[in-house]
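Q: Sequence:
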Amino acid sequence: MATALVIENDPTDDARRLGEWLTEAGLELWVVRPHAGDELPADLEGYAALVVLGGEQQAYPLPDGSPGAQWFPAVEGLLRKAVRHRVPTLAVCLGAQLLATAHAGLVERSPSGPEIGPGVVGRRDAAEHDPLFRYVPLIPDVLQWHADEITELPRGATLLAASTRYPHQAFRLGDRAWGLQFHIECDTAMIADWATDSAQLAELGYDPELVVAACDSVMVDVEEVWQPFAARFAALALGELDDSTTRRGLPLLGH
248 MATALVIEND
258 PTDDARRLGE
268 WLTEAGLELW
278 VVRPHAGDEL
288 PADLEGYAAL
298 VVLGGEQQAY
308 PLPDGSPGAQ
318 WFPAVEGLLR
328 KAVRHRVPTL
338 AVCLGAQLLA
348 TAHAGLVERS
358 PSGPEIGPGV
368 VGRRDAAEHD
378 PLFRYVPLIP
388 DVLQWHADEI
398 TELPRGATLL
408 AASTRYPHQA
418 FRLGDRAWGL
428 QFHIECDTAM
438 IADWATDSAQ
448 LAELGYDPEL
458 VVAACDSVMV
468 DVEEVWQPFA
478 ARFAALALGE
488 LDDSTTRRGL
498 PLLGH
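The opening residue of the sequence shown carries number 248 in my numbering; numbering runs sequentially from there.
Hints may be right or wrong, so weigh each one.
Unchecked claim - Across the chosen pairs, the derived CB separations fall in these ranges: (1) Gly273 x Ile386: 26 to 32 angstroms; (2) Pro320 x Gly452: 24 to 30 angstroms; (3) Thr443 x Ser464: 15 to 21 angstroms; (4) Glu286 x His332: 19 to 25 angstroms; (5) Gly312 x Asp468: 38 to 44 angstroms; (6) Arg280 x Glu487: 24 to 30 angstroms; (7) Asp489 x Leu457: 43 to 49 angstroms; (8) Glu275 x Asp434: 17 to 23 angstroms; (9) Arg356 x Glu275: 33 to 39 angstroms; (10) Glu292 x Glu487: 19 to 25 angstroms; (11) Glu375 x Thr411: 18 to 24 angstroms; (12) Thr411 x Gly273: 36 to 42 angstroms.
These are calculated hints, taken from the structure and not from any lab test.
No residue lacks a Cβ here, since even glycine has one placed at the ideal position from N, Cα and C.
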């Protein structure tokens with residue numbers, strides 16, 4: 248069975264529903280938790296895919312110049328290797344930001360303020376030629392929970408989805424690495440945990456119970472769009488998805 252390396256950066260953001268969708272589609276998951284002291288592999292040898300999850304940390308350096316977490320340089324190194332060697336990669340929220348910074352993109356505290364709760368993003372024209380996004384609706388439902396944003400995409404990245412306040416909602420690097428600023432892995436229990444004593448919700452003046460209820464109300468819609476998306480990603484990793492048409496003519500980073 249093909250195995251996906253899953254990097255969990257924060258104990259509050261595990262693979263949850265995304266993990267279920269990937270295993271249902273035939274991938275075995277090997278979860279590494281560097282936040283708990285697990286050692287990251289030096290390379291992706293033996294892995295059919297890479298998944299990098301979110302977290303409360305920041306993708307850019309702290310004021311003293313140190314990384315947002317001590318293992319982030321190693322994660323960025325794996326993300327570069329994944330793009331270079333065409334290992335199917337899915338990076339979510341903080342993971343997407345690390346995918347960007349690993350390739351000279353820019354992540355900053357968003358001047359637009361935090362984006363929290365259910366929302367929609369708009370699919371871009373380039374998504375028509377993307378092996379995963381071509382089947383995503385024009386305005387799919389998503390879940391948001393972030394205060395930082397990717398203000399500059401890496402050179403050569405393809406923008407796949409955007410929104411008014413946060414223009415870089417989804418992108419692809421090379422032909423097999425995707426970054427999603429939004430969350431697709433959450434269930435209602437995870438959102439409820441995030442909402443408990445949340446400083447961001449207090450800053451925005453949001454009622455935590457209303458935020459949880461609003462997110463819960465779109466869980467079925469999120470699954471309707473992103474479970475098939477996850478299944479297509481798994482099929483790509485398993486060698487069951489023909490992406491030759493998409494690959495033709497695309498610049499591959501590192502080649």
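Q: Next, verify each hint and record whether it holds.
A: Hint check:
| no. | hint | result |
| --- | --- | --- |
| 1 | Gly273 x Ile386: 26 to 32 angstroms | holds, 29 angstroms |
| 2 | Pro320 x Gly452: 24 to 30 angstroms | violated, 37 angstroms |
| 3 | Thr443 x Ser464: 15 to 21 angstroms | holds, 19 angstroms |
| 4 | Glu286 x His332: 19 to 25 angstroms | holds, 21 angstroms |
| 5 | Gly312 x Asp468: 38 to 44 angstroms | holds, 42 angstroms |
| 6 | Arg280 x Glu487: 24 to 30 angstroms | holds, 29 angstroms |
| 7 | Asp489 x Leu457: 43 to 49 angstroms | holds, 45 angstroms |
| 8 | Glu275 x Asp434: 17 to 23 angstroms | holds, 21 angstroms |
| 9 | Arg356 x Glu275: 33 to 39 angstroms | holds, 37 angstroms |
| 10 | Glu292 x Glu487: 19 to 25 angstroms | holds, 21 angstroms |
| 11 | Glu375 x Thr411: 18 to 24 angstroms | holds, 21 angstroms |
| 12 | Thr411 x Gly273: 36 to 42 angstroms | holds, 37 angstroms |
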